[in-house]
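A.B. asks: Given only the sequences and the hints, what does the whole structure look like? Please build it.
Terminal number for the sequence shown in UniProt numbering: 56, no gaps in between.
Check before you lean on any hint, since a few could be wrong.
What the hints assert, rightly or not - Taking CB as the label site, the calculated pair distances span:
hint, residue 1, residue 2, range
1, Pro44, Glu18, 41 to 49 Å
2, Asn55, Gln34, 37 to 45 Å
3, Glu28, Glu6, 32 to 40 Å
The set of hints was computed from the structure by calculation and includes no laboratory data. Here a beta-carbon is modelled for each residue, glycine too, at the ideal position from N, C-alpha and C.
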Amino acid sequence: MESIRESYVNTANELNQELLVMKKQCEECGIQNQLLTDELEKRPVRSNEESVEPNI
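C.D. replies: Here's what the structure looks like:
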């Protein structure tokens, strides 16, 4: 019975470690997302006339 309990505890510990890694990755993605958003906000906005290619 103890080995089953140890197995569950080990599995829970492994899953907690994976969760911590995923949380860190999520935080890093959030930071990267904010950096990209800031960069986009600094760019000038083009009007529709500038972005539409002329029909020939």
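A.B. asks: Confirm or reject each hint.
C.D. replies: Okay, the hints, checked on the actual structure:
1. Pro44 / Glu18: 41 to 49 Å: 43 Å, holds
2. Asn55 / Gln34: 37 to 45 Å: Given range 37 to 45 Å: holds, Cβ gap about 39 Å.
3. Glu28 / Glu6: 32 to 40 Å: 33 Å, holds
Violated hints for the displayed structure: none, as all numbered hints are satisfied.
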